[in-house]
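> Here's the letter readout for the chains.
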Amino acid sequence: MSVSTDELIDEITGIVAQELGLSPEAVSPDADLRTVEGADSVKVLRVIARVERARDVELEDEDVFGASTIREVAEVVQRALTETAAA
Amino acid sequence: MTVEDPIELPWHVLADYRCFGCSPHNPHGIQLRFTHRGDGLRTVFRLGRAYESYPGVVHGGLLGVIADEIMGNLIVLRTGQIPFTTGMRMRYVLPVTVGGRYECVARVRDGDGQLIHTEAEIREEDGPLVATATASYRTVSLDAARARISLDAPEIARLRQALSATGPAAETPTRSALPEESHVRVD
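Going down the list, the sequences are from chains V and F.
For the first sequence, our numbering assigns the number 1 to the initial residue and increments by one for each residue that follows.
For the second sequence, our numbering assigns the number 1 to the initial residue and increments by one for each residue that follows.
Check each hint, because a few of them may be wrong.
[As the list claims (entries may be wrong)] Each pair of labels, with its calculated beta carbon distance range:
| no. | chain 1 | residue 1 | chain 2 | residue 2 | range |
| --- | --- | --- | --- | --- | --- |
| 1 | F | Gly127 | V | Glu37 | 18 to 24 Å |
| 2 | V | Ala85 | F | Gly61 | 29 to 35 Å |
| 3 | V | Asp40 | F | Arg160 | 49 to 55 Å |
| 4 | F | Ala144 | V | Glu58 | 27 to 33 Å |
| 5 | V | Thr82 | F | Gly167 | 45 to 51 Å |
| 6 | V | Asp40 | F | Ile156 | 51 to 57 Å |
| 7 | V | Asp61 | F | His36 | 30 to 36 Å |
| 8 | F | Ala147 | V | Asp40 | 37 to 43 Å |
| 9 | V | Asp32 | F | Ser141 | 49 to 55 Å |
| 10 | V | Ser23 | F | Phe20 | 25 to 31 Å |
| 11 | V | Phe65 | F | Val65 | 24 to 30 Å |
| 12 | F | Gly48 | V | Ser2 | 47 to 53 Å |
| 13 | F | Asn26 | V | Asp63 | 26 to 32 Å |
| 14 | F | Arg158 | V | Gln18 | 35 to 41 Å |
[Said to hold, decoys possible] Under 10 Å between C-beta atoms, here's a sample of chain V residues computed to sit facing chain F:
| no. | residue |
| --- | --- |
| 15 | Val42 |
| 16 | Leu45 |
| 17 | Arg46 |
| 18 | Ile48 |
| 19 | Glu52 |
| 20 | Arg53 |
| 21 | Asp56 |
| 22 | Arg79 |
| 23 | Leu81 |
| 24 | Glu83 |
[As the list claims (entries may be wrong)] Here are some chain F residues the structure puts well away from chain V; computed CB gaps all over 12 Å:
| no. | residue |
| --- | --- |
| 25 | Pro24 |
| 26 | Arg89 |
| 27 | Pro95 |
Quick caveat, the hints were computed from the structure, so don't treat them as lab data.
We put the CB at the ideal spot given by N, CA and C, even for glycine.
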């Protein structure tokens, strides 16, 4: 099943908002996650763990730590899903 | 919290089995006990300084042992087959503290019978996520596995009977009067 980057952005925005106790509207897909109110590196990793589980995908650490925004995380997930589907 | 009796694992019919993860007979092991959690399994653990990495922090490799142990036993209980780990991947989120109380819950994601994919989460008990694991297991019959494991004929017979009592249709017996908590002690 294919999923668009926009759908992934919505999904990840929801997870980020939940982890940080914010409303999804308060989280911009292009904001640097490490500078969003209430965020820290552990919460970002928790987001990644939840996304991996929700999407049944294993992200490379280089990609995870190279992504700063929700949009970039969504693109990493999108790539991983495409690679998994092609394997 | 409801305290359930721990599940009686098939291995318990072997008087001297020494599994590092789940045997009560291995003084160097972590002696995990399991209870049902939905379709999966749950274990509660507390690790002492014998399992330390940085001062006050549990060695991350032990979390892999715990995840592997609970996922493997889940497959045994669901299939009555012998699982061998073919791959496992950890995502570490937070350090695990020596002496802290944690829980690990595992479930089966999918599988075609011979290759089964599982996942596990480790959390502070009723608290935040500290690690996740995903793994794949190849399952084989006891007859196929016996070439790789050291058991004599009477032990194989006892284990075969115990395994036949597990699987999808079986009601897994529990050990009564045992606390849910692992008896790994903080030293």
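> Next step is simple, just say for each hint if it's right about the structure.
Results of checking the hints against the structure:
1. As the Cβ distance of Gly127/F to Glu37/V is approximately 22 Å, the hint placing it in 18 to 24 Å holds.
2. Between Ala85/V and Gly61/F the beta carbons are some 32 Å apart, a value that agrees with the proposed interval 29 to 35 Å.
3. Restraint check, Asp40/V to Arg160/F: a C-beta distance of roughly 52 Å satisfies the suggested window 49 to 55 Å.
4. Here the CB-CB span from Ala144/F to Glu58/V is close to 29 Å, well matched to the stated 27 to 33 Å.
5. For the pair Thr82/V and Gly167/F, the supplied restraint of 45 to 51 Å is violated, since their beta-carbon distance comes to about 37 Å.
6. The hinted window of 51 to 57 Å between Asp40/V and Ile156/F holds, with their beta carbons roughly 53 Å apart.
7. In this structure the supplied range 30 to 36 Å holds for Asp61/V paired with His36/F, their Cβ-Cβ distance being about 34 Å.
8. Distance hint check for Ala147/F and Asp40/V: the Cβ-Cβ separation is about 50 Å, which falls outside the suggested range of 37 to 43 Å.
9. At about 53 Å, the CB distance of Asp32/V to Ser141/F agrees with the hint of 49 to 55 Å.
10. As the Cβ distance of Ser23/V to Phe20/F is approximately 47 Å, the hint placing it in 25 to 31 Å is violated.
11. Checked against the given bound of 24 to 30 Å, the beta carbons of Phe65/V and Val65/F, roughly 26 Å apart, stay inside it.
12. Between Gly48/F and Ser2/V, the C-beta spacing of about 48 Å keeps the proposed range 47 to 53 Å intact.
13. Against the hinted window of 26 to 32 Å, the Cβ-Cβ separation of Asn26/F and Asp63/V comes to about 39 Å, which falls outside the hint.
14. At roughly 48 Å, the beta-carbon separation of Arg158/F and Gln18/V lies outside the given 35 to 41 Å, and the hint is violated.
15. Taken as an interface hint, Val42/V checks out: its beta carbon lies about 6 Å from the nearest beta carbon of chain F, inside 10 Å.
16. Checking Leu45/V against chain F: minimum C-beta separation of about 5 Å stays under 10 Å; hint holds.
17. With its C-beta approaching chain F no nearer than about 5 Å, Arg46/V sits inside the 10 Å limit, and its interface hint holds.
18. A hinted interface residue such as Ile48/V counts as satisfied when its beta carbon comes closer than 10 Å to some beta carbon of chain F; here the least separation is about 7 Å, so the hint holds.
19. A distance limit of 10 Å between C-beta atoms decides the matter here; for Glu52/V the minimum to chain F is near 6 Å, and the interface restraint holds.
20. Hint on Arg53/V holds. Least Cβ distance to chain F is approximately 6 Å, under the 10 Å limit.
21. This hint holds: Asp56/V has a C-beta 7 Å from the nearest C-beta of chain F, less than the 10 Å allowed.
22. Taking 10 Å as the C-beta cut-off, the interface hint given for Arg79/V is violated, the closest approach to chain F being about 17 Å.
23. Hint on Leu81/V is violated. Least Cβ distance to chain F is approximately 15 Å, over the 10 Å limit.
24. The criterion of a C-beta within 10 Å of any C-beta in chain F is not met by Glu83/V, whose closest approach is roughly 15 Å, and the hint is violated.
25. Pro24/F, annotated as away from the interface, keeps every beta carbon of chain V farther than 12 Å; the closest lies near 32 Å.
26. Remark: the non-interface label on Arg89/F conflicts with the geometry, its nearest Cβ contact in chain V lying 6 Å away (cut-off 12 Å).
27. Consistency note on Pro95/F: stated as away from chain V, yet its beta-carbon is not over 12 Å from all of that chain's, at 10 Å minimum.
The structure fails hints 5, 8, 10, 13, 14, 22, 23, 24, 26 and 27 (numbered hints given earlier, in ascending order).
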